[in-house]
Amino acid sequence: MLKHLALTAASVTALTMALSAPLVSTAHAQAKEQFFPVLSYRTGAYAPNGTPFANGYVDYLKMLNARDGGVGGVKITYEECETGYATDRGVECYERLKGKGPTGAAVFHTLSTGITFALTDKSFTDKIPIITAGYGRADSVDGQVFKWNFPLGGTYWGAADMLIQHVGKKEGGVDKLKGKKIALVYHDSPYGKEPIALLQERAKMHGYELSLLPVTHPGVEQKATWLQIRQNRPDYVFLWGWGVMNGTALKEAVAVGYPRDKMYGVWWAGAEPDVRPAGDGAKGYNALTFMAPAGQGKVHQDVLKHVHDKGQGTGPKAEVGEVLYNRGLVAAMMSVEGVKRAQTKHGKKPLTGEQVQWGLENLALDQKALAALGFAGYADNISTSCVDHEGGSVAKIHTWDGNKWVVGAEQYTADQQIIKPMIKASAVKYAAEKKVAARDCAKELASK
Amino acid sequence: MATKKNGPVIALGVVLGIGFVAPLLAGQPLGFFLEVTLGGLMAGVLYSLVALGFVLIFKASGVFNFAQGAMVLFAALALARLAEWLPGWVGIPAGLPALALAFVLATGIMIVLAMLIERIVLRPLVAQDPVALLMATLGVTFFLDGFGQTIWGSDVYKIDMGISKDPTIILESMFQGGILISKEDLVATVIAAVLVLGLAIFFQKTATGRALRAVADDHQAAQSIGIPLNRIWVIVWAVAGFVALVAGMVWGAKLGVQFSLAQLALKALPVVILGGFTSIPGAILGGLIIGVGEKISEVFLGPVLIKAFDLAGGGIENWFAYVLALLFLMVRPEGLFGEKHIDRV
Numbered sequence: 000m001l002k003h004l005a006l007t008a009a010s011v012t013a014l015t016m017a018l019s020a021p022l023v024s025t026a027h028a029q030a031k032e033q034f035f036p037v038l039s040y041r042t043g044a045y046a047p048n049g050t051p052f053a054n055g056y057v058d059y060l061k062m063l064n065a066r067d068g069g070v071g072g073v074k075i076t077y078e079e080c081e082t083g084y085a086t087d088r089g090v091e092c093y094e095r096l097k098g099k100g101p102t103g104a105a106v107f108h109t110l111s112t113g114i115t116f117a118l119t120d121k122s123f124t125d126k127i128p129i130i131t132a133g134y135g136r137a138d139s140v141d142g143q144v145f146k147w148n149f150p151l152g153g154t155y156w157g158a159a160d161m162l163i164q165h166v167g168k169k170e171g172g173v174d175k176l177k178g179k180k181i182a183l184v185y186h187d188s189p190y191g192k193e194p195i196a197l198l199q200e201r202a203k204m205h206g207y208e209l210s211l212l213p214v215t216h217p218g219v220e221q222k223a224t225w226l227q228i229r230q231n232r233p234d235y236v237f238l239w240g241w242g243v244m245n246g247t248a249l250k251e252a253v254a255v256g257y258p259r260d261k262m263y264g265v266w267w268a269g270a271e272p273d274v275r276p277a278g279d280g281a282k283g284y285n286a287l288t289f290m291a292p293a294g295q296g297k298v299h300q301d302v303l304k305h306v307h308d309k310g311q312g313t314g315p316k317a318e319v320g321e322v323l324y325n326r327g328l329v330a331a332m333m334s335v336e337g338v339k340r341a342q343t344k345h346g347k348k349p350l351t352g353e354q355v356q357w358g359l360e361n362l363a364l365d366q367k368a369l370a371a372l373g374f375a376g377y378a379d380n381i382s383t384s385c386v387d388h389e390g391g392s393v394a395k396i397h398t399w400d401g402n403k404w405v406v407g408a409e410q411y412t413a414d415q416q417i418i419k420p421m422i423k424a425s426a427v428k429y430a431a432e433k434k435v436a437a438r439d440c441a442k443e444l445a446s447k
Numbered sequence: 000m001a002t003k004k005n006g007p008v009i010a011l012g013v014v015l016g017i018g019f020v021a022p023l024l025a026g027q028p029l030g031f032f033l034e035v036t037l038g039g040l041m042a043g044v045l046y047s048l049v050a051l052g053f054v055l056i057f058k059a060s061g062v063f064n065f066a067q068g069a070m071v072l073f074a075a076l077a078l079a080r081l082a083e084w085l086p087g088w089v090g091i092p093a094g095l096p097a098l099a100l101a102f103v104l105a106t107g108i109m110i111v112l113a114m115l116i117e118r119i120v121l122r123p124l125v126a127q128d129p130v131a132l133l134m135a136t137l138g139v140t141f142f143l144d145g146f147g148q149t150i151w152g153s154d155v156y157k158i159d160m161g162i163s164k165d166p167t168i169i170l171e172s173m174f175q176g177g178i179l180i181s182k183e184d185l186v187a188t189v190i191a192a193v194l195v196l197g198l199a200i201f202f203q204k205t206a207t208g209r210a211l212r213a214v215a216d217d218h219q220a221a222q223s224i225g226i227p228l229n230r231i232w233v234i235v236w237a238v239a240g241f242v243a244l245v246a247g248m249v250w251g252a253k254l255g256v257q258f259s260l261a262q263l264a265l266k267a268l269p270v271v272i273l274g275g276f277t278s279i280p281g282a283i284l285g286g287l288i289i290g291v292g293e294k295i296s297e298v299f300l301g302p303v304l305i306k307a308f309d310l311a312g313g314g315i316e317n318w319f320a321y322v323l324a325l326l327f328l329m330v331r332p333e334g335l336f337g338e339k340h341i342d343r344v
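Protein sequence lines correspond, in order, to chains X and V. So the first sequence is numbered by numbering that gives the first Met the number 0: it starts at 0 and just counts up by one. So the second sequence is numbered by numbering that gives the first Met the number 0: it starts at 0 and just counts up by one.
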C-alpha cells in the first residue's frame, strides 16, 4: 500500500507541475472596436516580473481610450489571459483570443520565448503578427522568412553582442578578451539558450573561454552553479535569467563572494524585482537597459492623469515609471503604432491581423515621432521593412546603486556584421525545415 | 538470508558511495569537494525541514499531505507580510521585533488553518481510501497557492533574520581558496536540530505526544481508550503547520518569499520516500543524502555528461532526487527507516 501511495504521490507531483487553468479577466468585444489580446502572467514563479509589464501594457491602452477615444477613432478593447509563463497555457490563451473582436486579434505579444517558438509555426496560417520586443527568436529579424514575427528593437543575439562590446571596452578593446573567462548563467529554456550561438561565435573571434551554466526552472536552486563559479572564478558573469532566478543569482553571488560589478544581466534581468530581494547585496550589479529605462516622461503624466487619477490604474501608482512597467508601456505603444500605421493604408476602422502586419512592417518611429507620443527618452528609433523586422537594436548599461538604476552614458549598437550572417543562416534553415517559401521583398516593394 | 534480502539496497549504497568519492578519484581538489559536500548537506537540511511536516502528518493520520509545500509558502508569506505591516499597524520597531511578533501571529494563523482543514476537508473523509485523502490535500495545495497570493500578494518578499549574507571562508591555510560556509545555512542547520529535538521531546515526553503515537500505531485502539481522533488530527496538522512556518522562515530568508517555494518544497517528497514515510530520523538522513547527492552530481557529473554526450545543459540537480527515490521504491519501498507494511490476505 505504501509503495502504491508513494507512486500515486509521485504521479500527482508531476501532474501538479502541469495542471492549471488559464484565468481570463476582462472581456469587451463589440463591433467597431480594435481588439488587443494581452497574454500576461500575474501568478506563479514569474509573477513579480510579469505583473508590472502587464500593468504598463494595459494602462497604455486604457489611457488611449480615455485621452484619444482609442486609436484613430476606433475604440480599443482588450482581454487578458493568464499564461503563467507556460508554453502550453500560452498557446491555449492564443487560441482562445485570436478570433475575438470584430476583426480578430490585432497583434500578440507572447512575453515568452517558449510561447513565441510555439506560435511562430501557427502564424503562417493564422496571419496574426507576433511582436517579441527584446525577446523571442533572434532569426525572426529576417522578415523574408518570418513574415509575422516582429522582434522590435532588439534580439538576444544583439543583447549578447552588446554585452561583449561593453566588457571588451572595459578591458581596453575586444582583442583584450583573449584568455578571459566569461560564464553564462542562463535559464534552461529557449529564452536562456538564445544568446549561446552569438557568444560562441564571438568566443571564436576573440579567444575568450565561455562556460555555460544552465539553471532549471524556476531558478531557485543555484547553489551548485555558484559553487562552480567560485571555483572557476570567471572574469565576467552574464546573467540570462527571468523572474525569481535573477534575485536568487544575486543572493548566491553574495553568498560565494562573487563581485556584483562583474555581473551583467540581459535586459530581462535588470529591473527592480530582480535586485530588491537581494537588498544591499545587489549594489553594483549591471544590466542592459532596452528601450525604456526607469523614470517618468510625458506618457507617464498622461497615464497618471487619465488612468490612475481616475482610480482606473491597473496596478499600484508607485509602480508607474519602473523598468518593467515602462517596458509594458513601450510594448503597447508598438502594437498601437502598428495599427495606426496600418490605418493609413486601410482606413480608420477595425483591422485584421494581416492588415496590421503591413503597419508593423512599415513603422518609422524616429525621436520626433516618439516625442510626439510622449516617449522622448523612453524608447529608441524603430524603422522596419519587409527585410528587417527588428527595426534597430541599441541599448545602454544601467547599474543598481542600492536604490535606483543609474543609466550609463555609452550607447551600444549590435554589430550586424556578425549577427546578420547568423540570422540569414538560421532563417534559411528554418525555411527549409518548415517548407516556408521566402518572400521576395524587392518584388513586393516594386508591385506597390 | 538477510544479506540476500538486503542485497539490492547494499548494491545501491555501494553505487552511491562510489559516485560520492568518484570526483576525488578523478582528481578534483579536496577543498572544492568538501565545499560542495558541505553545501549539499546544508541544502539537505532545508529539504529535511519540509519532509518533517510530511512525516508528522503521515505518521499520525496515514494521510500523505501533498499540501505541505503550499503550507510552507503560505506560512512564509504570512510571516513576511506581517513583519512588513506590523510596524505600521501597532508601532512595533521594524526588524527582529516585528519579525518575532509576526512569527507568533503566523503560528496562530497556521493553527487556525489546521483546524479548518481538519473540520472542512479531513473529517468528512474519515475512513475513506488514502488516495481520496491524498487528492483532498492536492485540492488544499491549489487553494493555498492561490489564496495565499490573493491575500498576501505575488511579489518577492524579504524575511530578514539579521544574518550576514557575506561568505565565511575557513581552512584557507589547508586548501587553496579555503572552504566556503554560508552563515544562513549554518543557522538553518541549528534551527533544524532544535526543531527535531523539540519534536522528539514532544512525541516521547508529553501526554499529547504519546497520544499521537498511539493514534499512529492503531486508530481504533486509540479511540477505544478515549483518545479523541479529531483533536489529535488538529494537533498534528498544527504541528506540521508550525514546522512549515519554520521551514518557510529559513527558506524565505535565503531565497526570498515567492511562489517557487511551494515547488521547491516538493523536493521533500523524494526525501520521505528515501527516509521512510514514518521516520523522523529518516527524513533528516534522506534530506542529507539527497542534498549531497544532487550537488555532487550537478557540479561534478554534469560537466562530464555534457562533454561526453554533447548535451544541451545540466539540470541533474532537478531530477537526481526523484531518480534516487524511484530506485529506492524498487529496492526498499518502505524507505531507510520506514515501517515495513504487510498486508495479510
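Source of the hints: derived by calculation from the structure; they are not laboratory data. One or more of the hints may lead you astray.
What the hints assert, rightly or not - Some chain V residues close to chain X (C-beta under 8 Å, calculated; not the full set):
#, residue
1, Gln148
2, Arg212
3, Ala213
4, Asp216
Stated by the list, open to error - Simulated DEER-style distance windows between Cβ atoms:
#, chain 1, residue 1, chain 2, residue 2, range
5, V, Ile91, X, Lys169, 25 to 31 Å
6, X, Lys121, V, Gln219, 58 to 64 Å
7, X, Lys31, V, Phe308, 41 to 47 Å
8, X, Gly310, V, Thr167, 33 to 39 Å
To be verified - Mimicking EDC-like on lysine to aspartate or glutamate, the simulated pairs with C-alpha atoms at most 16 Å apart in a straight line are:
#, chain 1, residue 1, chain 2, residue 2
9, X, Lys180, X, Asp234
10, X, Lys126, X, Asp87
11, X, Lys168, X, Glu271
12, X, Lys261, X, Glu170
13, V, Lys157, X, Asp279
14, V, Lys164, X, Asp279
15, X, Lys433, X, Glu443
16, X, Lys179, X, Asp234
17, X, Lys282, X, Glu271
18, X, Lys169, X, Glu318
19, X, Lys339, X, Asp308
20, X, Lys282, V, Asp165
21, V, Lys157, X, Asp234
22, X, Lys316, X, Asp301
23, X, Lys192, V, Asp216
By construction, the Cβ of each residue, glycine as well, lies at the ideal position given by its N, Cα and C atoms.
(request) Output the numbers, in ascending order, of every earlier hint that fails for this structure. (result) Violated: hints 2, 3, 4, 5, 7, 8, 10, 11, 15, 18, 19, 21, 23.
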